[in-house]
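Colleague: With the hints as constraints, model all of the structure from the sequences given.
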Amino acid sequence: MQVTLKIFRYNPEVDKKWHYETYDLDVDEKERILDLLELVKGHHDGTLSFRRSCAHGVCGSDAMRINGRNMLACKTLVRDVGDKITVEPLLGLKVIKDLIVDMEPFFDNYKKVLPYFINESPLPADGKERLQSPEQRARFDETTKCILCAACTTSCPSFWASDDYLGPAALVTAHRFIFDSRDEAASERLHIVSETSGLARCHTVFNCTMACPREIQITKAIGELKMATLTGKVD
Amino acid sequence: MANVHQFDVVVVGAGGAGLMAGLYASRGAKTAVISKLYPTRSHTGAAQGGISAALGNYEEDKPEWHTYDTVKGSDYLGDQDAIEFMTNEAIDAVLELEHMGLPFDRTPEGRISQRPFGGHTNNVTGKPVRRACHAADRTGHMILQTLYQQCLKNNVTFFDEYQVLDFLIVNGKAAGVVAVQLATGELHTFHAKAVIFATGGHGRIFEVTSNAYAYTGDGAAVLLRRGLPLEDMEFFQFHPTGIYKLGILITEGVRGEGGVLINGKGERFMPKYAPTVKDLASRDVVSRAIYTEIREGRGVNGRNYVYLDVRPESVIKYAAQDGRTNPDGTPYTITGEQVLAKLPDIIDFCRVYLGVDPLTQMMPIQPTAHYTMGGIPTNKYGEVVIDDKNTIFPGLYAAGECACVSVHGANRLGTNSLLDLVVFGKHAGLKAAEYANKADFEKLPDDAEAGARSQFEALRKGSGKENAFDISNEMKKVMFDDVGIYRSEKGMKDALEKVRGLKERFTQVRVTDTGKIFNTEMLNAWELGNMLEVAEIITECALNRKESRGGHSREDYPERDDKNWLKHTLVWKKDGKTVIDYKPVVITKYQPKARVY
Chain E
3 MQVTLKIFRY NPEVDKKWHY ETYDLDVDEK ERILDLLELV KGHHDGTLSF RRSCAHGVCG
63 SDAMRINGRN MLACKTLVRD VGDKITVEPL LGLKVIKDLI VDMEPFFDNY KKVLPYFINE
123 SPLPADGKER LQSPEQRARF DETTKCILCA ACTTSCPSFW ASDDYLGPAA LVTAHRFIFD
183 SRDEAASERL HIVSETSGLA RCHTVFNCTM ACPREIQITK AIGELKMATL TGKVD
Chain Z
580 MANVHQFDVV VVGAGGAGLM AGLYASRGAK TAVISKLYPT RSHTGAAQGG ISAALGNYEE
640 DKPEWHTYDT VKGSDYLGDQ DAIEFMTNEA IDAVLELEHM GLPFDRTPEG RISQRPFGGH
700 TNNVTGKPVR RACHAADRTG HMILQTLYQQ CLKNNVTFFD EYQVLDFLIV NGKAAGVVAV
760 QLATGELHTF HAKAVIFATG GHGRIFEVTS NAYAYTGDGA AVLLRRGLPL EDMEFFQFHP
820 TGIYKLGILI TEGVRGEGGV LINGKGERFM PKYAPTVKDL ASRDVVSRAI YTEIREGRGV
880 NGRNYVYLDV RPESVIKYAA QDGRTNPDGT PYTITGEQVL AKLPDIIDFC RVYLGVDPLT
940 QMMPIQPTAH YTMGGIPTNK YGEVVIDDKN TIFPGLYAAG ECACVSVHGA NRLGTNSLLD
1000 LVVFGKHAGL KAAEYANKAD FEKLPDDAEA GARSQFEALR KGSGKENAFD ISNEMKKVMF
1060 DDVGIYRSEK GMKDALEKVR GLKERFTQVR VTDTGKIFNT EMLNAWELGN MLEVAEIITE
1120 CALNRKESRG GHSREDYPER DDKNWLKHTL VWKKDGKTVI DYKPVVITKY QPKARVY
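First to last, the sequence lines map onto chains E and Z.
For our numbering, count along the first sequence from 1 and bump the result up by 2.
For our numbering, count along the second sequence from 1 and bump the result up by 579.
If you are wondering where the hints come from, they were derived from the structure by calculation, not from laboratory data.
Check the hints yourself; a few may be wrong.
Said to hold, decoys possible - In silico DSS-like cross-links for lysine-lysine, where the CA-CA straight-line distance does not exceed 30 Å: (1) Z:K1077 to Z:K1056; (2) Z:K1168 to E:K130; (3) E:K18 to Z:K1095.
Model, not experiment: these values are computed from the prediction.
Modeller: So, in structure tokens, the structure goes:
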């Protein structure tokens, strides 16, 4: 089928200002938007730049705005978006070149929530695994799925307003550890997320939940964090 | 030289092996991890079904069975001392991951849950055993996240989005690497006492592959250019179940949970090829069975694919036929809800990319290029060895998919890749730190960046008559068609000629992007150069090995030939020419015998 692909372009070494370029392509409706970008780069303009790796929605490299919504280019098919396609970089992070944005503020926020397992108690005497029931494991399953693609955080108006807001992805990571029955640093993390740059900035807009390519119920997870800070209980 | 960094140990690559190496090396020495991606983008994250260890959490299992299964899976080309070392470390390795917080699925008793996988057997009964420790079908994702998190906790130094271009050798020892920072285009020299390569595989040389774009054989190509050998490059694994045309992986865990393969006539065909374990035979066996069905006209609608069926009613029917039981002895059953809970990503992939719902429809699948068994030769401590006497190259280490220990031999068992990267990543890190603490820095050459710079300059000077994208596609097609699952002298000779022609045409490619900031065109062109290098070497080694063994199946030499070919291939590039030699396979307990599943 014939599609018109409009791509946000900005080359800081050449352009004073960003612009769009439009490409008419003959493609299959089952092709990924990433396939189209590869085709443009391969045959039309080698300078087009974007990040990608796994090409099937698990590495988180190619989050971008496709027809105005945050999606992974490798997990969005032509037939999902129609024959008029506009591709733009994520909002709220500085554009470096074309579809590549500066991810550092995003990862800096991630690093603020103690994004690692903490349990300084002695290991079980038999040296084996710490026990955890299937129900305890299920409690935080949802938030283990995060691939740090930034689709959620860069869809959030509070993050657009200020990138010192931790943002949904960092809160999801905090949730993953706070609700893990084996972890011992829940109260420290709850303290971090309840500071002014944390939970209070979430106004339950649901953009993050809509944007997540892993279908994580982010707003629900943030709600559980809010409840935990109010009650002081994690359960 | 403006950008020179000095570290005791430099790790190249930040997938599972690189992170594990970085974690362990950093405990004993000043360490940096450099990666062309953000670490969490690494391909370890795409691994699905599990990591093997004979925990015996559901039923009896032991490391000796894991050893034998791995030896048999390798078609007797794996080095048995290294395999034994790995399977003995497996239990502690998996427990260590759990202690780091990895969210494994759990048994009702709260222990790590395990599932059956291809080639994992109870050595007494020959029946499948639950050995693959899993977190749904996202085990690799959990390993990658957990190891990255632990590296952050331990303040490991990262250089994200730096592409390695060259390996520096001074006085016959490792002296560091040169890399380009993608964000600025600046070259950086990492002066080091020890260098660990953990750069992954090269599946992107094939048209249909489960591998990430990043899998372009960078580590292998960089070392080959610097005169180091590669081992067993003819052995590449084709995973039986990739999504038709796209190649996206559908984990063996689907068959572990009871899924079966069905041909175009609606018949379950694996019992013909593997009467005991059927759909859970080794990957090379299953991939060949699928191809045989297709060639004999039993593909779906006469096309080159078959079905994978995990609909609950089918699973229950075939489990009853097989007499499969739960650990408590009751007949094995499964519900749609359970399939969804155990294999959520697989269901998602099929719905997104195929519009097929595996709970009610069969999945169209074909074998997909999946895993690099060959690579940089190492011993079981991750030390790179450079000849048939296993002479160590001082200061150089390799681990994970880019390395060839060899624990996978001619065919890797499912779940052993994740185990490999945890076990050998750790030991490479330990050894590198130990070495660095005793060694001195070699003095860097006057112009350490010269080798890297000349490679980039060549890519700016081509006539521009040729297009890199087209060359890449032609390479992928010929490699998949003629150096794929079935190989023959004629096909491979044609392929070799074609690849050499493509290499020649590649010299006429010109990178049009003259900028420095995220010049991904330059990066992709350089990666294509690596892939062409590796594709040529693979084809030459495959032509050379006149037998069939594991993933290397020759139609003109259909039998395994232990008399002449029970040996590893070593291959070098010397003055532009390929030189092939051999080294013996280490056999301890298990003498080669016929391989039947």
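Colleague: Now tell me if each hint is right for this structure.
Modeller: These are the hints, each one checked on the structure:
1. At most 30 Å may separate the alpha-carbon atoms for a hinted pair to count; Z:K1077 and Z:K1056 meet this at roughly 11 Å.
2. Simply put, Z:K1168 and E:K130 have alpha-carbon atoms about 29 Å apart, close enough for the 30 Å limit, and the pair holds.
3. This hinted pair checks out: E:K18 and Z:K1095 have alpha carbons roughly 16 Å apart, not beyond 30 Å.
In this structure, none of the earlier numbered hints is contradicted; all agree with it.
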